[in-house]
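Residue numbers (the working numbering), protein chains in the order written: chain S, 8 to 164; chain A, 8 to 164.
Derived by calculation from the structure, the hints in this document are not laboratory data. It is possible that part of the hints are untrue.
It does not matter which identical chain is used: a pair holds within one copy or between any two.
Stated by the list, open to error - Derived lysine-lysine pairs resembling DSS-like cross-links, with alpha carbons at most 27 Å apart:
id, residue 1, residue 2
1, K71, K98
2, K71, K23
3, K134, K25
4, K34, K21
5, K134, K19
6, K81, K134
7, K23, K81
8, K53, K25
Since the structure is predicted, the reported quantities are computational estimates derived from the model, not experimental observations.
2 protein chains.
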Amino acid sequence: MRVLLIHTDYLKYKTKNKTPIAEEIEKDREEGAFNEALVVFTAVEKDDEKNPAGVVNNLINEIKSTNDQISAEKIVLYPYAHLSSSLSSPKAAIDILKMAEDELSVCGFEVSRVPFGWYKSFEISCKGHPLSELSRSIEAVDITADEIGEEEESEPS
Amino acid sequence: MRVLLIHTDYLKYKTKNKTPIAEEIEKDREEGAFNEALVVFTAVEKDDEKNPAGVVNNLINEIKSTNDQISAEKIVLYPYAHLSSSLSSPKAAIDILKMAEDELSVCGFEVSRVPFGWYKSFEISCKGHPLSELSRSIEAVDITADEIGEEEESEPS
Ligand SMILES: [Mg+2]
Numbered sequence: 008m009r010v011l012l013i014h015t016d017y018l019k020y021k022t023k024n025k026t027p028i029a030e031e032i033e034k035d036r037e038e039g040a041f042n043e044a045l046v047v048f049t050a051v052e053k054d055d056e057k058n059p060a061g062v063v064n065n066l067i068n069e070i071k072s073t074n075d076q077i078s079a080e081k082i083v084l085y086p087y088a089h090l091s092s093s094l095s096s097p098k099a100a101i102d103i104l105k106m107a108e109d110e111l112s113v114c115g116f117e118v119s120r121v122p123f124g125w126y127k128s129f130e131i132s133c134k135g136h137p138l139s140e141l142s143r144s145i146e147a148v149d150i151t152a153d154e155i156g157e158e159e160e161s162e163p164s
Numbered sequence: 008m009r010v011l012l013i014h015t016d017y018l019k020y021k022t023k024n025k026t027p028i029a030e031e032i033e034k035d036r037e038e039g040a041f042n043e044a045l046v047v048f049t050a051v052e053k054d055d056e057k058n059p060a061g062v063v064n065n066l067i068n069e070i071k072s073t074n075d076q077i078s079a080e081k082i083v084l085y086p087y088a089h090l091s092s093s094l095s096s097p098k099a100a101i102d103i104l105k106m107a108e109d110e111l112s113v114c115g116f117e118v119s120r121v122p123f124g125w126y127k128s129f130e131i132s133c134k135g136h137p138l139s140e141l142s143r144s145i146e147a148v149d150i151t152a153d154e155i156g157e158e159e160e161s162e163p164s
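Bound conformation, chain S alone (with noise of 0.2 Å):
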C-alpha cells in the first residue's frame, strides 16, 4: 500500500463519471466536504490481499503517529490509484479500505471514505508546514518483526 497523507483546511469533492469498477454509492456520498482534515490518499497493492488485516493495521498505526503530532479534527480515506503502478484488485482495495473505516473509527476518529472508482472532482488546501505532506510505503509485516517495511521520510516537494 502507498499512502499520502495530507494535512488540510479543507477538501471537496464531487463524485462525477462511473467507471466499470465503481462501488455503488447512496446519495449522502456523492459529494463531501470536510474541514481540518487528514486526508489519506490510498492506493491498495497487490502484495496487500495477502495480509488485509495486517496491512490495515499498521496503516492505522501510521495514521495514529502522524495525527499525534498534528492533531487533524477528521481522517478522509481517498482511494488514489495513481500513487501506485502495482495495484490490487478493485474488490480487495474497497473491502480494505472499509476495514480501514471500521478500525479507525473503533480507535474514536471521526472518519470518512471517499468512494472508489468515480471520477471525481476535488478542491484541497494542504497547510504546508513540514508534516503536512507525508509519503509511506505501508506493508503488512509487524516493524518489530526481522523484515522491515520500506518506508520513505519526510520529503519537500
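Following the hints, put chain A with the ligand in place on chain S, whose structure we already have.
Coordinates of chain A with the ligand only, in the frame set by chain S:
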C-alpha cells in the same frame, strides 16, 4: 521520472520553510496562482540522470499529447518528491525541471515552474473529467525503439 498530470481550475501555492536542498528564488516566485492550468507534479528519478535530454524530450511529448486533448491555457511544473522512492539528486532534478521549462516555452506554451525544495502550502481544484488525472512513468528511451517505457493508463482515483 514519475508524473501526475492534473487538469485544474486553479492552483495556488505559497513557499513556507526552506529545506537544505531548496533552490534560491526571487521574490516573484515566493507564491503563485494559476487558472486553467495543466499541473504536472513531477518526481525526477535516479535513472533520469543518465539521459536528462531524453527524459525531458519524452516528458514534453507526454505533456503535448495530453494538452492536445484537454486544451489547458498553461502548464505548471510542480516538483513532487512523493511520487517516487528512487529520487535523483536535487541538482539533477532542478536541472531537468529547468530544461523542461525552457523546452515547453520554446514549444509555445505559457509555462511556470514551482520552486524546488521548499515546504509549500497549496490549493488545487481538479476538474474531475476522465482525462483530468493521469499518472505516467517516463523514461529516456524513444517509444519507437525496441524497449518501450512503462506507461500506466488513466485510472479513476
Ligand atoms: Mg487557507
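Do the hints match the structure? See the list:
1. K71 - K98: Answer is within; shortest intra-copy Cα gap is 26 Å, inter-copy 35 Å.
2. K71 - K23: between (31 Å within a copy, 25 Å between copies)
3. K134 - K25: Intra 31 Å, inter 15 Å, cutoff 27 Å: inter-copy only.
4. K34 - K21: Within. Shortest intra-copy distance 11 Å satisfies the 27 Å Cα cut-off; inter-copy 36 Å does not.
5. K134 - K19: Both, since 15 Å and 12 Å are each at most 27 Å.
6. K81 - K134: both (15 Å within a copy, 25 Å between copies)
7. K23 - K81: Both, since 24 Å and 24 Å are each at most 27 Å.
8. K53 - K25: within (23 Å within a copy, 37 Å between copies)
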